[in-house]
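Participant: The chain contents come next:
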Amino acid sequence: MSSRKLIQIQDRKSKDLIDATFIDGLSQDEIDKAINVWKPAMQAAQRRMDAEGVPVEQRPQHGHWDWNKKYQRLGQFLLFQFLGVECDGEMQGLCLLQTANMFCRIPAQAGKGLVYIMFLEVAPWNSVRVVREPRYRLVGSLLVVEAIQISHSLGFNGRIGLHALQQAEDFYSKACGMDDLGPDHTHDGLRYFEMTSGQANNFPSSR
Amino acid sequence: MKLNITKEWLERQASLEEGLEASTGGTSLEEVERIASALEQTPNDRKYLAAAFGSLIAFLRNRGGWSLSQLAEKADIDEGELLSIESKEGYSPELRTVVQLAKTLTFPPKKLLEAAGLIVMKDSELTGYAVKFAASGKDLKKLTEIQRDILDEFVKFLAK
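Chains as they are written, first to last, in our numbering: chain A, 1 to 207; chain B, 1 to 160.
For the record, the hints were derived by calculation from the structure and aren't laboratory data.
Be careful, since some hints might not be right.
To be verified - Below are the BS3-like pairs computed for lysine-lysine, each with C-alpha atoms no more than 25 angstroms apart in a straight line:
#1 LYS174/A - LYS7/B
#2 LYS112/A - LYS88/B
#3 LYS103/B - LYS2/B
#4 LYS88/B - LYS111/B
#5 LYS33/A - LYS69/A
#6 LYS5/A - LYS160/B
#7 LYS110/B - LYS74/B
#8 LYS7/B - LYS112/A
#9 LYS2/B - LYS174/A
#10 LYS2/B - LYS5/A
#11 LYS15/A - LYS7/B
#12 LYS112/A - LYS69/A
#13 LYS5/A - LYS74/B
#14 LYS74/B - LYS7/B
Stated by the list, open to error - Here are the simulated distance ranges between beta carbons:
#15 SER28/B - ARG47/A: 39 to 45 angstroms
#16 THR106/B - GLY89/A: 29 to 35 angstroms
#17 LEU83/B - LYS13/A: 38 to 44 angstroms
#18 GLY189/A - SER67/B: 33 to 39 angstroms
#19 THR106/B - ILE18/A: 21 to 27 angstroms
#20 ASN36/A - ARG63/B: 39 to 45 angstroms
#21 GLU153/B - ASP29/A: 34 to 40 angstroms
#22 GLN166/A - LYS2/B: 40 to 46 angstroms
Every residue, glycine too, gets a C-beta built ideally from N, C-alpha and C.
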């Protein structure tokens with residue numbers, strides 16, 4: 001069962017806030033529709049980067065992700081939620097949450113449950129690693145806000161966690177204010193980030 | 001809890017995002033496959049939990065003096081799903097339904113989600129209570145004193 005609500009994202013060029021729809025509980029069709037648009041956009045960007053000789057380390061680390069496979073394997077289970085942000089009839093961002101069986105690592109809340117952001121991806125045209133002039137801002141932040149909201153509704157007091165790709169570390173530490181707990185060797189050395197309930201309470205309201 | 005998202009916050013946050021990449025994820029497709037395969041195996045404990053959960057909800061509904069439709073309306077859930085929870089062995093309810101029931105019956109959502117077999121908590125004693133309860137019989141009209149004690153113990157543990 002999916003639910004929708006109205007949110008606002010920012011048009012980067014005009015700085016205007018514009019209406020978008022937040023979808024909780026995406027269907028296979030909605031994922032397919034998004035990927036059918038994202039894939040050619042990402043391929044075109046890869047061709048441009050090839051032509052310009054952009055070094056591998058500067059290319060998007062998420063360029064190869066396969067949301068269809070993720071949905072086919074995990075979409076059937078209740079403990080996973082697929083979220084999306086839609087605007088202009090196109091999906092602007094996707095997120096996969098694991099809503100149970102994940103536990104905090106920050107000593108003050110160690111062992112308590114949290115919502116784990118397994119994957120979060122903005123559309124190629126919103127990614128600073130894919131295009132020079134991204135179209136919309138706030139897609140990533142509002143997906144994080146929704147993860148916090150879901151954490152509250154499940155009784156986890158806003159606690160969330162994730163493993164950040166190296167290119168996204170600054171987003172989660174600087175723009176979201178999450179704690180960096182360092183490299184996790186069970187996840188290819190990616191750094192693990194966690195948000196406490198106190199940080200979650202402050203994230204959308206006072207920063 | 002509804003988060004307060006103001007226009008000012010959105011504008012500040014948009015500035016903070018400038019030049020930063022949000023796309024992230026640290027789980028390989030092999031790991032996704034491993035997780036999915038593990039979830040497809042239903043451990044025995046899950047069967048006990050599912051059996052106990054239906055009886056537990058029926059017991060709490062009767063104790064509150066509600067009909068199926070009254071509790072469904074109060075919790076804002078589908079009456080058919082409530083009936084399935086109470087009557088179908090091993091029925092797996094929607095996550096939202098269990099959260100709504102927890103709110104209405106004033107149990108911590110985590111505990112009820114665990115009782116429904118939807119999540120597993122670290123070092124939990126709940127399975128032990130659920131197994132005892134499920135094994136003690138499902139017919140709520142014929143509860144013996146011992147069975148009622150086991151049920152009370154289970155309810156008290158859930159409410160803690």
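Participant: Run every hint past the structure and note whether it holds.
Facilitator: Now for the hints, and whether the structure bears them out:
With a C-alpha separation of about 20 angstroms, the suggested pair LYS174/A and LYS7/B falls inside the 25 angstroms cut-off, and the hint holds. For the given pair, LYS112/A sits about 32 angstroms from LYS88/B by alpha-carbon distance, which is inconsistent with the 25 angstroms threshold. Our distance criterion of 25 angstroms between C-alpha atoms is met by LYS103/B and LYS2/B, whose separation comes to about 15 angstroms. As the CA atoms of LYS88/B and LYS111/B are separated by approximately 21 angstroms, the hinted pair is consistent with the 25 angstroms bound.
Taken as a hint, the LYS33/A and LYS69/A pair is honoured in the structure, with Cα atoms around 14 angstroms apart against an allowance of 25 angstroms. With a C-alpha separation of about 34 angstroms, the suggested pair LYS5/A and LYS160/B falls outside the 25 angstroms cut-off, and the hint is violated. At roughly 20 angstroms between alpha-carbon atoms, LYS110/B and LYS74/B fall within 25 angstroms of each other, so this suggested pair holds. Distance check on the hinted pair: LYS7/B and LYS112/A sit about 33 angstroms apart at the alpha-carbon level, beyond 25 angstroms; violated.
Restraint check for LYS2/B and LYS174/A: the C-alpha separation of about 24 angstroms stays at or below 25 angstroms, so the hint holds. As the CA atoms of LYS2/B and LYS5/A are separated by approximately 13 angstroms, the hinted pair is consistent with the 25 angstroms bound. For the hint pairing LYS15/A with LYS7/B, the CA-to-CA distance comes to about 12 angstroms; that is within 25 angstroms, so the pair holds. With a C-alpha separation of about 30 angstroms, the suggested pairing of LYS112/A with LYS69/A is violated against the 25 angstroms cut-off.
For the suggested pair LYS5/A and LYS74/B, the alpha carbons sit about 23 angstroms apart, so the restraint of at most 25 angstroms is met. Under the criterion of a C-alpha separation no larger than 25 angstroms, the hint pairing LYS74/B with LYS7/B is inconsistent with the structure, at around 34 angstroms. For SER28/B and ARG47/A, the Cβ-Cβ distance of about 26 angstroms falls outside the hinted range of 39 to 45 angstroms, so the restraint is violated. Restraint check, THR106/B to GLY89/A: a C-beta distance of roughly 43 angstroms breaks the suggested window 29 to 35 angstroms.
Distance hint check: the CB atoms of LEU83/B and LYS13/A are about 53 angstroms apart, inconsistent with the given range 38 to 44 angstroms. A beta carbon spacing of about 56 angstroms between GLY189/A and SER67/B contradicts the range 33 to 39 angstroms that was offered as a hint. In this structure the supplied range 21 to 27 angstroms is violated for THR106/B paired with ILE18/A, their Cβ-Cβ distance being about 41 angstroms. For the pair ASN36/A and ARG63/B, the beta carbons lie near 52 angstroms from each other, so the given range of 39 to 45 angstroms is not met.
At about 47 angstroms, the CB distance of GLU153/B to ASP29/A disagrees with the hint of 34 to 40 angstroms. Under the hint 40 to 46 angstroms, the C-beta atoms of GLN166/A and LYS2/B, about 34 angstroms apart, miss the expected range.
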